[in-house]
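Enquirer: Required output: the full structure, derived from the provided sequences and hints.
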Amino acid sequence: MARVDVVMPQMGESIAEGTLSRWLKKVGDDVKRDEPIFEISTDKVDAEIPSPTSGVIAEIVVGEGVTVAVQTIVARIETEKGVSIAPPPAPSGTAAVSSTLSAASSTPAAAPSAPSSVLRPPSSPAGNGNSFEERVRTRSSPLVRRMAAEHGVEIAALSGSGVAGRVTRKDLVAYLQGGAGASAAAAMPASLPAGLVLSGSAVPASAATAWPGDVVEPMSKIRRLTSEHMAMAIRVAAHVTTFFEIDLTRVARVRARTRAEFEAATGQKLTFLPFIIHAVVATLKRHPIMNAAVNGTDIILRKRYNIGIAVALEPTGLIVPVIKNAEDLSLSGLSKAANDLALRARSKRLNPTEVQDATFSITNPGVFGSLMGTPIIPVGTTAILGLGAIEKRPKVITGRDGEDTIAIRTCAYFSCSFDHRVVDGADADRFMADLRKTLEQIPENGF
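If you read the sequence shown in our numbering, its first letter stands for residue -7, the second for the next number, and so on.
Treat the hints as calculated values from the structure; they're not laboratory data.
Quick reminder that beta carbons are idealized off the backbone N, C-alpha and C, glycines included.
Take the hints with a grain of salt, since some may be wrong.
[What the hints assert, rightly or not] No more than 20 Å apart at the CA atoms, straight line, and that leaves these computed lysine to aspartate or glutamate pairs for EDC-like:
(1) K429 to E306
(2) K387 to D332
(3) K340 to D320
(4) K316 to E306
(5) K384 to D239
(6) K340 to E40
(7) K261 to D332
(8) K295 to D320
(9) K429 to E237
(10) K277 to D416
[Unchecked claim] What follows is a set of in silico ranges between Cβ atoms, one per label pair, in the way DEER data are often shown:
(11) D332 to P28: 49 to 59 Å
(12) A256 to E395: 20 to 30 Å
(13) Q63 to L16: 16 to 26 Å
Expert: In structure tokens form, the structure reads like this:
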């Protein structure tokens, strides 16, 4: 008879804590090795965590909604059946801290909150610059570091609510919005241009009140993170959107002719998306400003082409897994990567590195019938492409003899939102015109 500790896993080098969002098993349940037993949410992903062993859930230490440091024991599994099952301990000591955290985790993401304590592993002796607290505090997460760099904020100068004072996205958003009652202008460092702070941009969490008969539902963890990210993204970049109608008849013809052979050879469903990704990467190479990032007053021209693909989650939510080094992949490689990331995103099996470091993004609301939209540019990039519904339309075609005829063509509206701080309208339109030409003149044998 033995007990095995189940701990909060480290879901990436920069992830120092996680929220136990839902238990999939209860005390007394049988579990098999690698069977999912609970779900967690981090700054980057939601994921199901498998059991490290087979046995019986003997004890649940951390309840749902509680945020704890990595390597914290969240449950214990008895590896032999028929043993007594220990009831959950009463809230005292560290459990009391968990209760406090559970209450804090229900605070809306947009509302600035006071720093809270979390369970953490023992720290190294202070003062040597290498303690657990100091290392976690200065690391933060890649997204928070990028957001801070965009606004000229020194993370080490802030007091965070995460593990060992780690600054989270919620802390940074609260700081940029003015903190607890302070004005945004007063909270900003002197090096930040005042024009980046919009007067009245911070909307109180209590702006809307429930009326009799209304149903109030707390935001899920992923909804809160998406809310924070979108609000930050729209404040950071100067958004402008341009629209082009693109004739995909030639792509549709190539796809129809090669689809059966492609799917038999690769086992992958051949959609329009890999053709579009391939064309986007080729076009980005000719228009490097569209594959750039901003660092203060510097423009970083990326030489890697990491394409983020927005994936809608059920029942609600959005995540953007990233196809890394897309320039190195063939059409079949892009198809396989896109299908694999989408499948694992919906089944909560992505790891944090797979939603980081996008240099350009694509969102496809057209699958739901949308004709066009104005997508928000992800933080750390300068542009995003939106794909409208692909459908057959009557178009006027000029023949070789100069005569106009009406023909049925497969078309879609493409939108490109770009950051006008660094991308001019002419740059974005040249990129889109080039992308249109690339897709409309695709070789008969494909890319």
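Enquirer: It remains to establish, for every hint, whether it holds in the given structure.
Expert: Evaluation of the provided hints:
no., hint, verdict
1, K429 to E306, "violated, 36 Å"
2, K387 to D332, "violated, 36 Å"
3, K340 to D320, "violated, 26 Å"
4, K316 to E306, "violated, 25 Å"
5, K384 to D239, "holds, 10 Å"
6, K340 to E40, "holds, 6 Å"
7, K261 to D332, "holds, 11 Å"
8, K295 to D320, "holds, 12 Å"
9, K429 to E237, "holds, 11 Å"
10, K277 to D416, "holds, 17 Å"
11, D332 to P28: 49 to 59 Å, "violated, 19 Å"
12, A256 to E395: 20 to 30 Å, "violated, 42 Å"
13, Q63 to L16: 16 to 26 Å, "holds, 21 Å"
Of the hints listed earlier, those the structure fails to meet are numbers 1, 2, 3, 4, 11, 12, in rising order.
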